[in-house]
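K.L.:
Here is how the chains run, residue by residue.
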Amino acid sequence: MSINASGWRPEAPISGGKASPTTTGNKALMLEEALIFEIGDTTTTGVDLVEPVAATSRLGDLARTASIGLPGLSEPETVRHYTRLSRQNYGIDLGFFPLGSCTMKHNPRLNEKMARLPGFADIHPLAPVQTVQGALEVIQQLAHWLVTLTGMDSVAMSPKAGAHGELCGVLAIRAALEARGEGHRKIILVPESAHGTNPATAAFAGYSVEDIPATADGRVDTEKLIARLGPDVAGVMITNPNTCGLFERDMRVISDAVHAAGGLVYCDGANFNAIVGRVRPGDLGIDAMHINLHKTFSTPHGGGGPGSGPVVFSKALSPFAPLPFVEKTDDGFHLVEEETAGEHHAGAFGRMVAFHGQMGMFTRALTYILSHGADGLRQVSEDAVLNANYILRSLDTTLDAPFGGSGPCMHEALFSDENLADGFSTIDVAKGLIDEGFHPMTMYFPLVVHGAMLIEPTETESKAALDQFIVALRSVAERAKAGDVSLKSAPHFAPRSRLDETLAARKPILVWKDPGLAQAAE
Amino acid sequence: MSRYFTEDHEWVDVDGDIGTVGISEYAQSQLGDIVFVDVPEEGKELTKGDEAAVVESVKAASDVYSPVSGTVIEGNPALADTPGLVNEEPESDGWFFKLTLSDPDELSGLMDEIAYAAFVEKL
Numbered sequence: 001m002s003i004n005a006s007g008w009r010p011e012a013p014i015s016g017g018k019a020s021p022t023t024t025g026n027k028a029l030m031l032e033e034a035l036i037f038e039i040g041d042t043t044t045t046g047v048d049l050v051e052p053v054a055a056t057s058r059l060g061d062l063a064r065t066a067s068i069g070l071p072g073l074s075e076p077e078t079v080r081h082y083t084r085l086s087r088q089n090y091g092i093d094l095g096f097f098p099l100g101s102c103t104m105k106h107n108p109r110l111n112e113k114m115a116r117l118p119g120f121a122d123i124h125p126l127a128p129v130q131t132v133q134g135a136l137e138v139i140q141q142l143a144h145w146l147v148t149l150t151g152m153d154s155v156a157m158s159p160k161a162g163a164h165g166e167l168c169g170v171l172a173i174r175a176a177l178e179a180r181g182e183g184h185r186k187i188i189l190v191p192e193s194a195h196g197t198n199p200a201t202a203a204f205a206g207y208s209v210e211d212i213p214a215t216a217d218g219r220v221d222t223e224k225l226i227a228r229l230g231p232d233v234a235g236v237m238i239t240n241p242n243t244c245g246l247f248e249r250d251m252r253v254i255s256d257a258v259h260a261a262g263g264l265v266y267c268d269g270a271n272f273n274a275i276v277g278r279v280r281p282g283d284l285g286i287d288a289m290h291i292n293l294h295k296t297f298s299t300p301h302g303g304g305g306p307g308s309g310p311v312v313f314s315k316a317l318s319p320f321a322p323l324p325f326v327e328k329t330d331d332g333f334h335l336v337e338e339e340t341a342g343e344h345h346a347g348a349f350g351r352m353v354a355f356h357g358q359m360g361m362f363t364r365a366l367t368y369i370l371s372h373g374a375d376g377l378r379q380v381s382e383d384a385v386l387n388a389n390y391i392l393r394s395l396d397t398t399l400d401a402p403f404g405g406s407g408p409c410m411h412e413a414l415f416s417d418e419n420l421a422d423g424f425s426t427i428d429v430a431k432g433l434i435d436e437g438f439h440p441m442t443m444y445f446p447l448v449v450h451g452a453m454l455i456e457p458t459e460t461e462s463k464a465a466l467d468q469f470i471v472a473l474r475s476v477a478e479r480a481k482a483g484d485v486s487l488k489s490a491p492h493f494a495p496r497s498r499l500d501e502t503l504a505a506r507k508p509i510l511v512w513k514d515p516g517l518a519q520a521a522e
Numbered sequence: 001m002s003r004y005f006t007e008d009h010e011w012v013d014v015d016g017d018i019g020t021v022g023i024s025e026y027a028q029s030q031l032g033d034i035v036f037v038d039v040p041e042e043g044k045e046l047t048k049g050d051e052a053a054v055v056e057s058v059k060a061a062s063d064v065y066s067p068v069s070g071t072v073i074e075g076n077p078a079l080a081d082t083p084g085l086v087n088e089e090p091e092s093d094g095w096f097f098k099l100t101l102s103d104p105d106e107l108s109g110l111m112d113e114i115a116y117a118a119f120v121e122k123l
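Residue numbers (the working numbering), protein chains in the order written: chain L, 1 to 522; chain P, 1 to 123.
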């Protein structure tokens with residue numbers, strides 16, 4: 001059969017605009033891959049099931065008679081299909097991955113070894129607590145270190161990643177305001193330099209969102225923010241370090257003003273990786289902050305199930321933190337749940353998830369913390385900031401660095417497309433980088449910068465690796481500044497060139513349809 | 001009929017007490033190819049500055065604010081299937097919604113075409 005018979009892929013030129021010289025469409029041993037539905041046939045199966053003898057169906061007329069159309073593959077065909085797809089993927093284990101705001105951090109193999117220990121990997125969330133004391137100790141120890149590193153009072157371990165953590169924090173703020181009879185405060189202020197999820201979280205929790213502009217140097221306009229505070233404001237959500245890669249220096253002033261006006265302070269701690277060991281958010285007057293374990297503590301992005309975004313709380317918000325949590329007493333570790341919380345934690349706003357959080361991520365993050373130690377964690381932050389500043393200062397004469405004059409950046413360097421030739425934009429630079437063998441940076445975010453290019457090298461890249469990237473980006477940027485038209489059709493060496501992103505977004509094909517059936521229906 | 005613009009690049013055409021709202025040519029050129037538009041439903045009460053519609057391009061999702069207060073009469077039904085109209089005809093067929101103005105005095109705070117052109121020139 002021919003490859004990709006359904007024709008579902010966008011019509012895209014073969015690289016270099018030349019037709020493939022091979023019959024199969026493959027290029028050497030990097031194979032074109034068909035959809036799984038197009039491999040094998042429905043009579044093939046990878047398993048040999050015995051026909052059940054004793055069972056009689058009680059479905060009656062409800063029993064399905066037609067084929068359900070599952071793909072039929074043998075085991076080796078299945079293994080090859082997914083292995084081939086994995087070769088087309090790009091990941092941090094393959095090369096430099098400078099996605100700003102995403103923190104594509106190296107995942108140390110020691111983390112993986114620990115997470116796979118059967119005592120952690122093979123336990124069930126409903127196992128009796130006496131049988132999983134070691135796992136509870138891991139949760140409790142990680143909680144201890146997160147509270148210590150942030151200088152906060154308590155932590156909710158169960159939220160499943162950044163935006164879920166934001167929701168957890170804002171729900172705690174709402175519970176605290178309602179507890180003091182101030183549920184009428186309905187506005188949350190969000191600076192332009194915040195992550196895009198912040199306003200979405202506030203709106204989801206029932207608040208109206210008001211934007212606070214950024215100053216010309218890329219930080220929150222403190223005067224405007226303070227001027228907007230009042231009896232209708234529930235709180236603020238500030239990303240610090242912010243999404244322009246800058247530290248919000250006025251954080252303490254802002255927190256004090258928000259508290260004086262009766263509000264509470266949420267900090268988006270997604271960028272905590274830039275300041276671990278240097279700054280304790282608790283000292284900045286923050287009431288709640290989530291920590292992305294995958295960004296700051298090196299757990300994989302989406303590896304082995306959902307992520308993990310624990311939320312640390314100030315003393316003021318701790319009574320409202322969600323259940324469950326692990327507590328240590330003289331006779332071991334316990335889970336504080338609805339049945340056991342009682343007066344001891346009566347203010348909890350509820351719970352975020354069914355169980356206790358993502359055990360695999362907890363084990364990895366604790367491994368990272370303990371294997372690095374205090375000095376190691378501090379060095380991680382410092383190296384991440386050093387690497388980003390090396391990129392910023394190596395390229396700020398080639399590309400426009402809108403906040404280059406605002407002092408050192410934190411863990412990410414931000415450029416704009418302002419000085420590219422007319423008709424050239426960030427997308428052309430990104431596609432050119434693919435030809436050079438580099439995954440592109442984050443594009444067109446943050447929105448406060450025209451044609452933003454946000455580059456986050458992370459701490460584990462060597463100077464040699466950074467230099468290679470800088471040489472490649474400088475060369476592509478110079479071509480874009482000179483108006484080199486060949487860049488408009490890059491990438492030239494990727495299996496596909498420019499895909500039609502507009503068509504893909506306007507008319508996405510999300511479900512495979514049997515071409516035979518589709519034809520019959522017409 | 002007269003046309004007014006906001007600093008957020010919405011325009012409103014006013015005919016009697018009926019306003020037609022869309023986004024400017026400049027706004028569509030900045031957004032890039034538009035892939036999805038969410039327009040308000042009939043009967044929705046809007047206050048000037050309220051988030052009235054959402055426009056999504058390949059680059060970003062943006063809110064469209066109501067340039068005036070009023071009650072929505074209809075959203076542009078054509079945008080559901082052909083959001084690209086906003087790119088092609090932003091200031092005519094690509095309109096977002098029509099509303100009955102509740103406070104025509106608000107128009108005096110908006111820019112006319114000449115003032116808006118000068119405003120865009122400075123960006």
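Just so you know, these hints were derived from the structure itself, not from any lab.
Everything numeric in this text was worked out from a predicted model, so none of it was measured.
Just to be clear, a hint being listed does not mean it is correct.
As the list claims (entries may be wrong) - Listed next, with one range per pair, are the computed distances between beta-carbon atoms: (1) Phe493/L - Asp8/P: 51 to 57 angstroms; (2) Gly347/L - Lys122/P: 51 to 57 angstroms; (3) Asp8/P - Arg80/L: 49 to 55 angstroms; (4) Gly49/P - Leu35/L: 58 to 64 angstroms.
Unchecked claim - With the Cβ distance kept under 7 angstroms, some of the chain L side facing chain P (calculated, not the full set): (5) Tyr444; (6) Val448; (7) Arg498; (8) Glu501; (9) Thr502; (10) Ala505.
Backbone N, C-alpha and C define an ideal beta-carbon position, used for all residues, glycine too.
K.L.:
Output the indices of the hints that this structure fails to meet, ascending.
P.N.:
1, 4, 6 and 7
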